[in-house]
Amino acid sequence: MLCQKCHERQANVHVNQIINGKLSALHLCEQCAKESGDFLTQFTGGQNPFDFHQLLSGLLNMESPTGVSSPSVSTQVQCQNCGMTYAQFSKVGRFGCPECYDNFEQRLEPLLRRIQSNTMHTGKVPNKSGERVKMRKTLETLRRELQQAIAAEQFEQAAQLRDKIRALESQMGE
Amino acid sequence: MSLGDFLQRATSRWMKEGGPEDDIILTSRIRVARNLQGMPFPILQTDSHAHQVLESIHTAVQHPSMQKLGNFEWINCKDLSAIDRQVFVEKHLISPDLAESYKHGAVVLREDEVISIMINEEDHLRIQVIMPGFRLQDAWQLASSVDDALEQNVMYAFHDRFGYLTACPTNVGTGIRASVMMHLPGLVLSGNIQRLLNAVSHVGLAVRGIYGEGTESYGNLFQVSNQITLGETEEEIIGNLSSVVQQLIDHERAARKMLLQQNREALEDRICRSFGILAYARRMDSKETLERLSDVRLGIDLGILKGVSAGILKELMVMTQPAFLQKYFHEDLSPGERDVRRAALIRERLRLDDSEVR
Ligand SMILES: [Zn+2]
Ligand SMILES: [Zn+2]
Numbered sequence: 001m002l003c004q005k006c007h008e009r010q011a012n013v014h015v016n017q018i019i020n021g022k023l024s025a026l027h028l029c030e031q032c033a034k035e036s037g038d039f040l041t042q043f044t045g046g047q048n049p050f051d052f053h054q055l056l057s058g059l060l061n062m063e064s065p066t067g068v069s070s071p072s073v074s075t076q077v078q079c080q081n082c083g084m085t086y087a088q089f090s091k092v093g094r095f096g097c098p099e100c101y102d103n104f105e106q107r108l109e110p111l112l113r114r115i116q117s118n119t120m121h122t123g124k125v126p127n128k129s130g131e132r133v134k135m136r137k138t139l140e141t142l143r144r145e146l147q148q149a150i151a152a153e154q155f156e157q158a159a160q161l162r163d164k165i166r167a168l169e170s171q172m173g174e
Numbered sequence: 001m002s003l004g005d006f007l008q009r010a011t012s013r014w015m016k017e018g019g020p021e022d023d024i025i026l027t028s029r030i031r032v033a034r035n036l037q038g039m040p041f042p043i044l045q046t047d048s049h050a051h052q053v054l055e056s057i058h059t060a061v062q063h064p065s066m067q068k069l070g071n072f073e074w075i076n077c078k079d080l081s082a083i084d085r086q087v088f089v090e091k092h093l094i095s096p097d098l099a100e101s102y103k104h105g106a107v108v109l110r111e112d113e114v115i116s117i118m119i120n121e122e123d124h125l126r127i128q129v130i131m132p133g134f135r136l137q138d139a140w141q142l143a144s145s146v147d148d149a150l151e152q153n154v155m156y157a158f159h160d161r162f163g164y165l166t167a168c169p170t171n172v173g174t175g176i177r178a179s180v181m182m183h184l185p186g187l188v189l190s191g192n193i194q195r196l197l198n199a200v201s202h203v204g205l206a207v208r209g210i211y212g213e214g215t216e217s218y219g220n221l222f223q224v225s226n227q228i229t230l231g232e233t234e235e236e237i238i239g240n241l242s243s244v245v246q247q248l249i250d251h252e253r254a255a256r257k258m259l260l261q262q263n264r265e266a267l268e269d270r271i272c273r274s275f276g277i278l279a280y281a282r283r284m285d286s287k288e289t290l291e292r293l294s295d296v297r298l299g300i301d302l303g304i305l306k307g308v309s310a311g312i313l314k315e316l317m318v319m320t321q322p323a324f325l326q327k328y329f330h331e332d333l334s335p336g337e338r339d340v341r342r343a344a345l346i347r348e349r350l351r352l353d354d355s356e357v358r
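Sequences listed follow chains Y and E, in order.
The first sequence: position 121 = 121 (the working numbering), numbered continuously.
The second sequence: position 238 = 238 (the working numbering), numbered continuously.
Here chain E stands alone, though its shape is the one from the complex:
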């Protein structure tokens, strides 16, 4: 299979397509936690409880109101190979927790992988919607329709005062976790990131580096999400997050403009070097891959690199992960071999585009 075909088949819609503000926002994600009334949470589940939950939800997924939302596939985690489970994690379709404790876990996937429903993870149900770009409101609407459709056939654990009951008290109430994945190279390069992220964390939001160690984040990728789930409506939670994210977008745009005005040469040099390394290197570890991809993406956004697909950062940040690489090359790879294959995959991917460096 050619790389182009593989990409077409193996990638989720969020990796392939763009969306509003997608020069800065890679994805918008909504995750909603739900549990079935009268059933112990997965942490105390017996085998028979787990099967009952799986059966109830299996039936609920067949309901016409679910079918209206698209074509879904039911996948039992135990039927997946270890590599496939890991690929699902790398594509953000299931959580690392579900991949690890998969005995009674299942995932329901819509064809385009925009909707994924995890079953018997920490909660009985975790409905997740991932959309490309800044589309939190759309993602919530869709997640909420999935929630309504499933409710046709199941009775949720719901409390008059505490709302939707969840295994962990940090999710109780709305059960909602809204998050956006942001690419913020301008703020990192201009040295403003820490100050801004600290400010963000003071308004009830959490900021995480997506990859990386310590306080730095490889690839300048950050995830901003709500921390509070009880006492605010879903609309308030999303509205609050959106307005902060919009401010971060404005700051990032301003920082990019400033860098271009004041440091154009240095910026162009950095971007073109990174492109050169990605296009020709024979060994790439994941950290350097993310850093170079971030530069290249910035180069595309600033018009310094032409003809390279803008989606390359999203695509390759997933495809160059260990399990995805092994899936593509059909073999077990040691970390050293992975670096060689990763470099090869990146070179091949870049050749699919008609790139030109000014």
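Looking at chain Y on its own, in the form it has when it is part of the complex:
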């Protein structure tokens, strides 16, 4: 997340404030937080000028490669399922449906690298929908074990592992 004041550095100071009984958040980098005296007073008048969606959309707009690609083409990318365009996503900072992730996949990579640590999920996998993922993980482990067995010249074990891998592969239809 970028600092809301300088829009340059990572925001790592997060402040909540209540204005007219409404809670709003402020995300600043360390440096801006230190010199935030004046800036903060801007937030105490009237409505809340800050909006996370705007912030995220600022981030998304910065993603576009420096003037190389034509924005008219790239913003027309649309989710086949829900109809949300990438331009709309940039504005609201929210996807329209789960399939947006596939439909916007290529543009998503750089964004995720920025706001997340990695683009590959390594955590919990659902019992039902995650069956394939679980099988793939097992497959990866088995392949690694196979390499180790071969390297250690444990050929009997390697043969067993190879059978297991073949069985799993055919089960997954790969």
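Simulated from the structure, these hints should not be mistaken for lab results.
All values derive from a computational prediction rather than experimental measurement.
Hints are supplied without guarantee of correctness; some may be wrong.
[Said to hold, decoys possible] In silico contact screen, one side only, chain Y against chain E (beta carbon under 7 Å); selected entries:
1) Met120
2) Gly123
3) Lys124
4) Pro126
5) Gln147
6) Gln148
7) Ala149
[What the hints assert, rightly or not] With a Cα cut of at most 30 Å, we get these calculated BS3-like pairs of lysine-lysine:
8) E:Lys16 x E:Lys287
9) E:Lys306 x E:Lys257
10) Y:Lys91 x E:Lys78
11) E:Lys287 x E:Lys327
12) E:Lys287 x E:Lys257
13) Y:Lys128 x E:Lys68
14) E:Lys287 x Y:Lys5
15) Y:Lys134 x E:Lys68
16) E:Lys327 x E:Lys257
17) E:Lys257 x E:Lys16
18) E:Lys327 x E:Lys16
19) Y:Lys91 x E:Lys327
20) E:Lys78 x E:Lys68
21) E:Lys287 x E:Lys306
Beta carbons: idealized from backbone N, C-alpha and C, even for Gly.
Once you've looked at the hints, dock chain E with the ligands against the given chain Y.
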């Protein structure tokens, strides 16, 4: 109804009970975001989509594996009065967002309010577990069992690479937000807080003042949570947060000890003054309430105040919020009237204890 009875009925378990390290950690909270496969996210929901989501989850909640986890109550947000919705927000059971856009929102609450499941908020499902004290691991285990139980009847939107899909890309992957609410008066009084919080923010964690304006936090209450949800396992996320929180606890303990050694008189004076004000004042605004409560809680932890319940900070920081006050006094109150009633409620609450000031 007496205040004691009201407290018993109207408060959540996290407000009443203690837990590990609860002289510094008020609560541990886990929130997990999930969505149903093939359904647009709430932002693009039509009425019929919203009803389908509500129906699927209503069925999922009836599943025996959910019943095993306790007694749950289904509450449609539109059936709640505006005040009740606000009370839910003040008790941290629903988000301000759900309270505001409540047309198709619902919340499923376990009796003790440890588990709350928000439906049709930003995501179809937000499973939340709040426990008193430092119990992130337990809270995650419980949230994960709720997640498994619900999955018996629904199909989650899950992506091979991106994990659990969420409306906002800041939640994708694990969908987990783990947070602890910390009371850090020692670090604030000793002037070390900013340095430490800056350090914390460099390791992928977010720190927020829970109440207050600008960089200060009323009541010395801070929430520390993970920012990253994709690329680390839930255990790694919780482990990372826990180890940083443990270091903050150690620093806070050291700061308290130092203050007691070097500034005992000033500290005792401050604490006892705050107790006196809470016990006798006729008007209290929310900011001063939180500041005085923080002092009193510190006084209890340091053994300077005896006989006052340690839970008083948690209890009163929720009970003195606008909606809760109006709920207790059964009437609409202007901000000025609230200050008068708030002071009255605090005095009454303090009289329930057998306090003695040395
Ligand atoms: Zn900045
Ligand atoms: Zn879509």
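| task | With chain E as the partner, please determine if Y:Gln148 meets the hint condition of a C-beta pair closer than 7 Å. | result | violated (23 Å)
| message | The hint names Y:Pro126 as touching chain E; please verify it with the least Cβ-Cβ distance against 7 Å. | response | holds (5 Å)
| task | For the pair we were handed, E:Lys16 and E:Lys287, check the Cα-Cα distance against 30 Å. | result | holds (22 Å)
| query | Does Y:Ala149 pass the interface check with chain E, least Cβ-Cβ distance below 7 Å? | reply | violated (27 Å)
| said: Hint Y:Gln147 vs chain E: min CB-CB distance below 7 Å? | reply: Since the shortest Cβ distance to chain E is 23 Å, the answer is violated.
| Does the nearest C-beta of chain E fall within a distance shorter than 7 Å of the C-beta of Y:Lys124? | Nearest chain E Cβ about 6 Å off; hint holds.
| query | Given the hint that E:Lys287 pairs with E:Lys257, does the C-alpha gap stay at or below 30 Å? | reply | holds (26 Å)
| query | Given the hinted pair E:Lys257 and E:Lys16, is their alpha-carbon gap at most 30 Å? | reply | Distance of about 27 Å is within 30 Å: holds.
| field | 30 Å limit on alpha-carbon distance, applied to hinted pair Y:Lys134 and E:Lys68 | value | Distance ~26 Å between Y:Lys134 and E:Lys68 Cα, so the pair holds.
| Has the given pair, E:Lys287 with E:Lys327, been kept, meaning a C-alpha gap of at most 30 Å? | With Cα atoms ~20 Å apart, E:Lys287 and E:Lys327 stay inside 30 Å; holds.
| said: Does E:Lys16 sit within 30 Å of E:Lys327, going by the straight-line distance between their CA atoms? | reply: holds (18 Å)
| task | Quickly compare the C-alpha distance for E:Lys287 and Y:Lys5 to 30 Å and report which way the hint goes. | result | holds (27 Å)
Consistency note: the structure conflicts with the earlier hints numbered 5, 6, 7, 16, 19.
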